[in-house]
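S.K.: Start from the sequences and build out the full structure, keeping to the hints where you can.
Residue numbers (the working numbering), protein chains in the order written: chain A, 65 to 269; chain C, 65 to 269.
Don't read these hints as lab results, they were simulated from the structure. Being a predicted model, the structure only gives us computed values, none of them experimental. A few of these clues could be false.
It does not matter which identical chain is used: a pair holds within one copy or between any two.
Unchecked claim - Below, simulated SDA-like cross-link-like pairs (lysine to any residue); rule was C-alpha separation at most 25 Å, straight line:
1. Lys182 <-> Val204
2. Lys182 <-> Leu263
3. Lys182 <-> Leu151
4. Lys148 <-> Ser127
5. Lys182 <-> Met143
6. Lys128 <-> Ile212
Number of protein chains: 2
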Amino acid sequence: MARRVRTTARKKPRQERSQATVDAILSATARVLCTTGYDRASTNRIALHAGVSIGSLYQYFPSKEALVAALVERHIDQMTSLVKTKLAEVAATPLPLAVRTMIQAMFDAHAVDPKLHKVLIEEVPRVGRLERLTDVERQVQGLVAAFIDARRDLRKAPAHAIAFVLVHAVEAVTHAAVVDELPAPRAQEVAEELTHLVLRYLSPG
Amino acid sequence: MARRVRTTARKKPRQERSQATVDAILSATARVLCTTGYDRASTNRIALHAGVSIGSLYQYFPSKEALVAALVERHIDQMTSLVKTKLAEVAATPLPLAVRTMIQAMFDAHAVDPKLHKVLIEEVPRVGRLERLTDVERQVQGLVAAFIDARRDLRKAPAHAIAFVLVHAVEAVTHAAVVDELPAPRAQEVAEELTHLVLRYLSPG
DNA sequence: TGAATATGCGAGCTATCGCTCGCGTAGACA
DNA sequence: TGTCTACGCGAGCGATAGCTCGCATATTCA
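M.R.: Written as structure tokens, this is what we have:
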């Protein structure tokens, strides 16, 4: 157990069927992670659930770490692409609308695959390639800091500090609302309170 | 590996030396968790680092889960006792001071053992007895909700929603500041911004 | 059609895991 | 001092982990 050697890709799929195999493996990884948790999610079990031999799995993913890293990548892309496009869209809109939209986008992003997100955040060790999980937050922080710098209608304070507080606060509340599986009306209340929190915080008054 | 059977205590230490053994085991668990991560932290390795035989370890902790649960308990107690006493202290003080004090208390609580806290939050699977980790948050939320209800000088909104947003926001920002190992001046900035965030949010204006 | 290549297979290797159990030793009490 | 019990020990068990490797089958292309 736990040898963690090769983390780079091993072989690239050239034919259609092999691409299907790769997809099946990744999907199975997500399913098994959700149902059994990280340390019970053995590569053998994943291969079994994917309807693929363990040999095939290791033909495309050189290690368990690489496998999970690939899944993380896929999941992160799905979430961030959603948030990034929204952020670009609202760059020039009035602040209240912009904030409301972004918070909704955060909720939507977390709704992509809440259970997987939970496992990825709460159980996957952030070593090696898996560190990307934390990288993304920094990346988003940068974008938000830029967004804040570009605005003159906000209270003045170090943009990096504002971004730090804002990103983590919004992320955490959204995450908690989704992970705690709040019923829709409660979630709605929380989303509104969160919007309120951010708007009050940013207004120069 | 991974049998997870007995989770209740096995034997209670009666003599002094055995209490020392238990302490050594718990401390070693914390150290090994921090240095190797959760899934590399085997019971054998922990016993080794504690200078104790694997047999002795299992004399006091019936399973790895129980061992980690005990450590979680100890860590949580250290953190929450600090926060709870402060919360009681400031119950009747003016809001700005109360908030400032509580946020400082949160930073202090996270400073108790940041690395352990990080591992406990990010890697330990929340199954069985380990769920207590999430229980605490709900508990704190209740206390804060009560605190809010007791005050008439705040904006009116469902106390539970306010508490939800507040607790998760403050927790996340504090946690991030400590885990990211922000240099002191940056941390100070963040703490001030966080205070600002909360005060703005709570003021009725 | 046949050679070359891409893909798929799974028995099984080694390492390590969580944990047991039989036995030796230190301290308490008579 | 002898007896009883709390405490400590560590070889080693069964299970399972991550992963390899030799071989079978499907596909491409000449």
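S.K.: Look at each hint and say if it fits the structure.
M.R.: We went through each hint and held it up to the structure:
1. In the homo-oligomer, the alpha carbons of lysine 182 and valine 204 lie at most 25 Å apart both inside one protomer (19 Å) and across protomers (21 Å), since each shortest distance falls under that limit.
2. For the identical chains of this complex, lysine 182 and leucine 263 are neighbours neither inside a copy (28 Å) nor across copies (30 Å), given an alpha-carbon limit of 25 Å.
3. Taking the shortest Cα distances, lysine 182 and leucine 151 sit within 25 Å of each other inside one copy (24 Å), while across copies they are farther apart (30 Å).
4. Proximity of lysine 148 and serine 127 under a CA criterion of 25 Å is satisfied in neither setting, with 31 Å inside one chain copy and 45 Å between copies.
5. Both within a single protomer and between protomers do lysine 182 and methionine 143 lie at most 25 Å apart by alpha-carbon distance, with minima of 13 Å and 24 Å respectively.
6. In this assembly of identical chains, the alpha carbons of lysine 128 and isoleucine 212 never lie at most 25 Å apart, being 40 Å within a copy and 47 Å across copies at closest.
Checked against the numbered hints above, the structure violates hints 2, 4, 6; every other hint is satisfied.
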